[in-house]
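Produce the complete structure using the sequences and hints provided.
Protein chains in written order, with this note's numbering: chain R, 413 to 901; chain X, 2 to 386.
Do not rely on the hints blindly, as some may be mistaken.
[As the list claims (entries may be wrong)] These stretches of chain R come out as covered by chain X in the derived footprint (C-beta under 8 Å, 3 or more residues):
#: 1; stretch: 449-457
#: 2; stretch: 507-520
#: 3; stretch: 657-671
#: 4; stretch: 732-741
#: 5; stretch: 875-883
[Unchecked claim] Here are a few chain X residues that sit away from chain R, every Cβ distance over 12 Å (derived from the structure):
#: 6; residue: Gly38
#: 7; residue: His48
#: 8; residue: Asp120
#: 9; residue: Gln162
#: 10; residue: Pro199
#: 11; residue: Ala215
#: 12; residue: Arg263
#: 13; residue: Pro299
#: 14; residue: Arg368
#: 15; residue: Arg370
[Said to hold, decoys possible] Some chain R residues close to chain X (C-beta under 10 Å, calculated; not the full set):
#: 16; residue: Thr501
#: 17; residue: Gly543
#: 18; residue: Pro564
#: 19; residue: Glu803
Please keep in mind that the hints were generated in silico from the structure rather than gathered at the bench.
Virtual Cβ for every residue (Gly too), placed ideally from N, Cα, C.
The chain contents come next:
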Amino acid sequence: MSQAVHLATPPSLHFPELAKLLGDRYTENNFERAFYRRDLAFVPPILEMVLARTLPQCVARPRDADEVAALVRGARTHQLAITPRAAATTVYWNSVPTRAGIVIDLNALRGIVSVNAENLTATVLPATRWGELDAALRRRGLATRTYPTSAPSATVGGWVSMEGFGIGSLQFGGLAQQLIALDVVLPDGRAHHATRDSDPPLSWFLGSEGTLGIITAIELAIRRAPEKTGKHLVALRDLVAVQNVARALAQSAPTPYNLHFSDAAHLRLLRAAGFAPPTEQAMLLITYEGDANHIAAGAQNVYAIAQKFGGEILPDDLAAREWGERFAALRVKRAGPTVLGSETWLRADRLAEYGADVAHLANRQRVTLATYGTLVTQDEFTVMTVYPSDESRQLAYIFDLSLTKQLYDLAFRRGGRPYGIGFWNAPYRHRAMPAHELAERRARKRQLDPTNGMNPDKIFVASPILSPLIFSLGMNALAWARRVGGAWR
Amino acid sequence: MKSFNTGILAETHICARCGYCQTVCPISHALGWESTGPRGRIAIAQHVAAGQGATTEHARRVYQCTLCGHCREVCPTHIDTCALWLDLRERLAADNQLAAFPLKTISANLAKFQNVTGDPPENRLMWQDNLETPIANLNSHAGAEVVYFVGCVAGLYGQTQSIPQAFAQILAHANVAFTTLGGDEQCCGFPLLGLGQPAAARERARHNLAMVHALGAHTLVAACPSCYHVWRDDYPRLLDAPLNLRVRHASEFLGELIADGRLNLQPLAERVTYHDPCDLGRNSGVYEPPRQVLAAIPGLELIEMADNRANALCCGGGGNMEAVDAELVGAIAARRLTQALDTGASVIATPCQQCKRTLTNAARKARARIKTLDLTEIVWRSLAA
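See the structure below:
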């Protein structure tokens, strides 16, 4: 690359052999490293300083799996903590260093390796964006089966590392049902081809949040591009009606491709942000993908079920507009400038109860709590509840952070659990999965990464401040103070 | 599109850091470091706007941007990123950060000669010397209905002088009563905005508009998308007044001439792919007129690249990038060239002299058998066929 854009080389490198591996794709430059300290979440510097060492000692940008493996081995030699990173689109610090070390920026491992149009499979590099994969497949009459709501930037490897539920999961299942094989560089630097039958199997890496290795290629099932997409927007009185209509549609044939809801508070917040949501009530966006008969049958279901539960079918152009905005959930930030919130799994039959709890909390804390989500299985929603805050007012922001804990508590009370753990949800890891699963995950970590060098402090170990008891006490105290100090705010 | 701009610091807080912009940024794609994409630049903007100063490293990343607008196009929070980058450049210019870059030369040329090359003003009509048939009234002819604003790059770079030659001949062929500002034309101000010098751009706007009004013309046509964008969108803002002038890009004007039956287009058997210039497409919203002109040429086969219209890849030539890092421009152009080659076309059509330069240079470097022609050149070939 251009001489003019080379970063200044420090006079002496701390890890010259790592630099030798990648040349100008390796840096220890202070200016450059500083950009790798964040993901989506804003964390006040005081908290960051207390909890973690987020400034990496070096950053490397490998181009292939061999370079990844060499870097992992080199980092191990120097006992450097490794943080794999690509688009960094989560909010839990899944891809932010907590013990300095090396950031392995995987963005150069991006692109489609091969597509098998007969078997309907594709092999891609980990930093391939879902949006670009789907667009490339559609040019060939094919499509991804599912994709995240952040598809324009979310990577295939990243979504594998998370749980992989999103748009289309209702019809096609989670990513686990689409994965065929993974190439992974294990924490000891060995390359491993993971399948359902390999040792360790593919399932170990799904949702492991980069703690068990670095994914360098993914083979997954795809589909023929649907002939049509049918979009329907239904205005509904409240989350009780949303729950009823969503469940009824999910249990009817054909299965919708996607079901997305917003409560009235979410639409109010969008309006405050300067947008024009289509209704003042709650709304449900239902999508069917398939041939003309499939779409027509879906439409009939929507009309019948919406009518049964008192819903109003909104015009098609509004439905199309909302579908077009499916990647723009973050536009609500204009009501912030920051939004905070929780993302949880929630049983489909508990949505309305959760919504009532949230409304009560909003009233108590005098804050707008806006809820939206997607039905990703017949029985479960992934639900976001967000609220506006302002990161430029850092003290108030710290108090606001406490509401996230309150929201997780509400979801937990209704049988919910956090979606994604990373660093910030580590206090809830016991809620995120049953004890036997957590124990099993610990055992895998000990087996594959006994020195805890691969993305440490994510899921398993965290700062003592993030121990469930201390964290809970601290956050509850902040929430109490926030409530009684409302006038001060 | 509704504008949401609330000022540089507030917008940096609104940024969700979702990375949609990083995915499409040509600079980020070429250089790879987190700091090189819009998300990195937002962090720099926050740093600068908060009064924490800027180092040469900050400034380098700010100027390594083609102002292509792709980041603004995909931003889910509707941040007008281009406005943000220009604001940031203005702050850096005030902090004397231009001095550390080759931009100092452009800045000096613009101040002394009112063009980017440093040529004397009388060279602006050099391109007419090679016309097979001289065209009357080219130089500031009072009473002309249309002023053709040639622009610095087309008028003063030998590689692109075939564009004004083609366009002037087309206008003459269609019996359009047109003229140019000749040596009185000054830089449109686009590079000055890119340098963070809006006050100087305002002076250029005042001068150019006064010259056009003095000739009594009712229409201004620019074949350069940047000149067009600045005339249409920035001059009214800079001057805080309507222009009282019809502003058209050459592609739109050609479409009008075709619709009026004033161009007798002849068959041209070429497989052509169309490259959207950023300042015409994303930054001005003009996507279809150039395609309609190409579609009007009998025998011409138009094949779209994988990324087109609002998703078109940048050629690398905008935002003063060539002065900052010419090699980076080459890397960006090479990527777009690959998409063009994938179509199997033998010609890249683009209504932009700077895109023509960057894509021609990229093809030459890659030894690719594809030529890049301006839309006006293709139309002139069709007329002359």
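Okay, the hints, checked on the actual structure:
Here the stretch 449-457 of chain R counts 3 residues with a CB under 8 Å from a CB of chain X, which clears the bar of 3, and the coverage holds. Here the stretch 507-520 of chain R counts 3 residues with a CB under 8 Å from a CB of chain X, which clears the bar of 3, and the coverage holds. Counting residues of the stretch 657-671 of chain R whose CB falls under 8 Å from any CB of chain X gives 0; the rule of at least 3 is not met. Figure legend: the stretch 732-741 of chain R, annotated as covered by chain X; annotation consistent (3 residues with Cβ-Cβ distances under 8 Å, at least 3 required).
Restraint check on the stretch 875-883 of chain R versus chain X: 0 residues with Cβ-Cβ distances below 8 Å, three needed, restraint violated. Remark: the non-interface label on glycine 38 of chain X conflicts with the geometry, its nearest Cβ contact in chain R lying 9 Å away (cut-off 12 Å). Some Cβ of chain R comes within 12 Å of the Cβ of histidine 48 of chain X; the nearest lies about 10 Å off, and the non-interface call is violated. No beta-carbon of chain R is positioned within 12 Å of the beta-carbon of aspartate 120 of chain X; the least distance is around 25 Å.
Every CB of chain R is more than 12 Å from the CB of glutamine 162 of chain X (nearest about 28 Å), matching its label as outside the interface. No Cβ of chain R comes within 12 Å of the Cβ of proline 199 of chain X; the nearest lies about 26 Å off, and the non-interface call holds. Chain R leaves alanine 215 of chain X outside its interface by the beta-carbon criterion, the shortest separation being 43 Å against a cut-off of 12 Å. With a cut of 12 Å on Cβ distances, arginine 263 of chain X stays outside the contact zone with chain R, its closest approach being about 38 Å.
Even its closest Cβ contact with chain R, about 28 Å, leaves proline 299 of chain X beyond 12 Å, as expected for a residue assigned away from the interface. With a closest Cβ-Cβ approach of about 20 Å to chain R, arginine 368 of chain X is found to remain outside the 12 Å limit, as its non-interface label requires. No beta-carbon of chain R is positioned within 12 Å of the beta-carbon of arginine 370 of chain X; the least distance is around 24 Å. For the restraint placing threonine 501 of chain R at the interface with chain X, the shortest Cβ-Cβ distance is roughly 5 Å, inside the 10 Å limit, so the hint holds.
The beta carbon of glycine 543 of chain R is positioned within 10 Å of a beta carbon in chain X (closest approach about 7 Å), and the interface hint is therefore held. Look at proline 564 of chain R: its Cβ gets to within about 4 Å of chain X, closer than 10 Å, so that hint holds up. With a cut of 10 Å, the hint placing glutamate 803 of chain R at the interface with chain X holds, because the nearest CB-to-CB distance is about 6 Å.
Going through the hint list in order, the structure does not satisfy hints 3, 5, 6 and 7.
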